[in-house]
Amino acid sequence: MDFDLSEEQRLLKDSVDGLLKASYDFETRKKYRAEKGGWSKDVWGKFAEQGLLGLPFSEDDGGFGAGPIETMIVMEALGRNLVVEPYLDTVVLGGGVLRRASAEQRAAHLPGIIDGSKTMAFAQVERDSRYDLGDIKTSAKKSGAGYTLSGEKFVVGHGDTADTLIVTARTAGGQRDAKGVGVFLVPANAKGVDIHGYETQDGSRAADIKLNNVEVGADAVIGDADNGLSLVNQVADDARIALCAEAVGAMEEALKVSVEYIKERKQFGVAIGSFQALQHRAADMFTALETARSMSFLASMASSFTDLDERAKTVAAAKVQIGRSARFVGQGGVQLHGGVGVTMEYRIGHYFKRLTMIEQQFGDADFHLRRVAQAGGITE
Amino acid sequence: MDLSFNPEEVAFREEVRTFFRESLDPVVRKKLQEGHHTSKDDLVNWQRTLNKKGWAVPHWPTEYGGTGWSAAKQYIFLEELQKTPAPPPLPFGVNMVGPVIYTFGNEQQKKHFLPRIANMDDWWCQGFSEPGSGSDLASLKTTAKKKGDTWIVNGQKTWTTLAQHADWIFCLCRTDPDAKKQSGISFILIDMKSKGITVRPIQTIDGGVEVNEVFFDDVVVPAENIVGEENKGWDYAKFLLGNERVNIARVGMSKERIRRIKELAGMVMSGDKPLIEDPQFRQKLAATEIELKALELTQMRVVAAEGKHGKGKPDPASSILKIKGSEIQQTLTELLLEVTGPFALPFAPEGDGRNEEGDWASPIAPGYFNYRKVSIYGGSNEIQRNIIAKAVLGL
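Those protein sequence lines, which keep their order, are chains A and B. Residue numbering for the first sequence follows our numbering, starting at 60 and increasing by one per position. Residue numbering for the second sequence follows our numbering, starting at -13 and increasing by one per position.
Treat the hints as calculated values from the structure; they're not laboratory data. Glycine included, C-beta positions come from ideal geometry on N, C-alpha and C. Take the hints with a grain of salt, since some may be wrong.
Computed list of lysine-lysine pairs in DSSO-like fashion (alpha-carbon distance at most 30 Å, straight line) [claimed, not checked]:
| id | chain 1 | residue 1 | chain 2 | residue 2 |
| --- | --- | --- | --- | --- |
| 1 | B | Lys376 | A | Lys325 |
| 2 | B | Lys376 | A | Lys412 |
| 3 | B | Lys294 | A | Lys315 |
Distance ranges between label pairs, derived from CB positions [stated by the list, open to error]:
| id | chain 1 | residue 1 | chain 2 | residue 2 | range |
| --- | --- | --- | --- | --- | --- |
| 4 | A | Gln335 | B | Ile191 | 39 to 49 Å |
| 5 | A | Lys315 | B | Thr190 | 36 to 46 Å |
| 6 | B | Gly257 | A | Gln394 | 36 to 46 Å |
| 7 | B | Gly257 | A | Ser363 | 36 to 46 Å |
| 8 | A | Ala107 | B | Ala(-3) | 23 to 33 Å |
| 9 | B | Lys39 | A | Ser363 | 30 to 40 Å |
| 10 | A | Arg186 | B | Asn(-8) | 24 to 34 Å |
| 11 | A | Gln394 | B | Pro260 | 41 to 51 Å |
| 12 | B | Asp27 | A | Gly397 | 57 to 67 Å |
| 13 | B | Ser366 | A | Ala107 | 44 to 54 Å |
Using the sequences and the accompanying hints, generate a full structural model.
Here it is, written out as structure tokens:
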């Protein structure tokens, strides 16, 4: 039992923190968001230089063979700095699918991810799917050696700048059947792919994507074209684990800026942080943050579980805690700031928005609570 | 970073679990499972069983009977104890006055009292709170005046848990009436059989009697019964309260309660299905289980930090353990109450649990009432928030 980071992990943390401290202050972030595509190619290049984009891939694939704790360290740092670059979409989701793909597919796609020249997006959400990963209407019909994909995907993170889309589509069965789900690699510039990009509430980017009879080859299929749901579940859990860590980073910073604010803001001739009502709110935010951090640790540890049901249940439990804590810390941070908390000018509102949107990604607290309850709870 | 226990710790867990299950009187275990009160003998016998095994005071320094276990093993021991469930060690001796005596007491006090605490030859109670001094403990008024080689103690203590069984009480007494609040207080050990001590029970809302008022009327105490230095008692009290917070999360006990809730909710019908299959009930329980998991890991983080960096000052973050631990314990008594449905209502005076096979419901509402105490004692949850605000957030 040991909660300390190893020497290498500490170095990684210092280097990510150092990089973001030097290049990601609040004003500069606005400039990155105003760049074409809504994020900074320059920052992305620095991520590649520092090896962050190759972190979770095996050394044979040109990566660094790092484990889930390393990803957690990076995601926390991204959360603390409200980073808008497509790390989750490219490295965690795209990379998560590719790590489980064939040697040929890995060789074709990973080098571009690792050197920063290519990005990816995970096209999974549909109009009626809500958080059910297996609820898929998009069809994949056999056509020659390959497939023809048709359907609509929504809120695809960084879908408007990705080079490659990972698309879930139905090869067989009804809309919500577990069987008959395939996972496909689709070039974003393929004929019939219609991408409509937009800004998200938290300052990032997403896209709605239409697939109009898009032809892909047999090499586009990842794993078994009829049994891809387990892969989708695992990768979604990877994303949830990463989002938990990102939320912890964002909560940490939200609490920090809020406490700084109430130490400085004076009313009635004293710092408002001297008032017990505000102190107790801040103390409860600290409790929410630390319990979330504990569950984020657990989720990252669970990443290595070989029992996939146990892994899924543990991650679901973590997402419940993170969802509740994130809501409390986000709302509390705005409240402690008072009026300026609801302005664009102050950082707290942006943390609040990111924390709110994390709750809407890959299942909210209620969704995951139902899953934990159906699994009979998590007390051994 | 590694949240799992190593093979040695896993084996240790098994050893401890087996010992607890084999050596605890099944009647006592059943009483605890079903929420009945345990008797004085139940606690004394169990403490002596542990003492025979050498496990009476695992967290003490080895020279006074401690086991020298790592922080992780201490944690496993306590968790398994609570999960069994076995009677928790009476905190007033082993967790409170014991550590104060071995840290600040003189050789004679250590030699006399420590073995007797480990074997529960003496039953200790705590004389801190007074009617006018709750959260503001340092405002206490009980006085001890020097007279020859004795102290003459006058005043009143309250909320004195299980004083009706006690042989000794450790008291905070004002020994310098002119000093500033905190600085004129001494830590004095008083024999409960002394002339001038009166114990008056306070009945709590569950109908039980676990707390008392203790009156001191010209009680004569030998001068040597002071611990450490005169007027330094407040420092020792702070040390004692800091120790109290670390063990207060009671994760193991809450796990046992969850097991009990599942067992009972599997038996009680709601419509054509057992209550446990009601999605709303299950989700409430699952939500509490998740909070408990988060608490458990937070506790492990505090324990691991202590194991690594040594026992210094108690981690102010351990206030989280008190706040969340008490909230979860209360929520679980609430869920148990919901399980009972209308059978929460009948009031049955507390028996000894031996002949109440069918009467699983009667201790549940009292347990719920009684457990409102856990967010109040040991430094109320509001006081814990003050500690976090000041010591952690710097407000």
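We went through each hint and held it up to the structure:
Proposed proximity of B:Lys376 and A:Lys325 is supported: the alpha carbons are some 18 Å apart, at most 30 Å. For a cut-off of 30 Å, the pair hint linking B:Lys376 to A:Lys412 stands: about 28 Å separates their Cα positions. For the hint linking B:Lys294 to A:Lys315, the alpha-carbon distance of about 26 Å falls within 30 Å, and the restraint holds. Hint check: A:Gln335 to B:Ile191, Cβ distance near 28 Å, so the stated range 39 to 49 Å is violated.
Look at A:Lys315 against B:Thr190: about 42 Å separates their beta carbons, and that is inside 36 to 46 Å. Separation of B:Gly257 from A:Gln394 is about 42 Å and conforms to the stated range, judged on CB atoms against 36 to 46 Å. Taking the beta carbon of each, B:Gly257 and A:Ser363 are about 42 Å apart, inside 36 to 46 Å as hinted. In this structure, A:Ala107 and B:Ala(-3) break the distance hint of 23 to 33 Å, their C-beta atoms being roughly 46 Å apart.
Taken as a hint, the range 30 to 40 Å holds for the pair B:Lys39 and A:Ser363, whose Cβ atoms sit roughly 37 Å apart. For A:Arg186 and B:Asn(-8), the Cβ-Cβ distance of about 50 Å falls outside the hinted range of 24 to 34 Å, so the restraint is violated. Between A:Gln394 and B:Pro260 the beta carbons are some 42 Å apart, a value that agrees with the proposed interval 41 to 51 Å. The given range of 57 to 67 Å is respected by B:Asp27 and A:Gly397, whose C-beta atoms sit roughly 59 Å from each other.
As the Cβ distance of B:Ser366 to A:Ala107 is approximately 53 Å, the hint placing it in 44 to 54 Å holds.
When each numbered hint is compared with the structure, violations occur for hints 4, 8 and 10.
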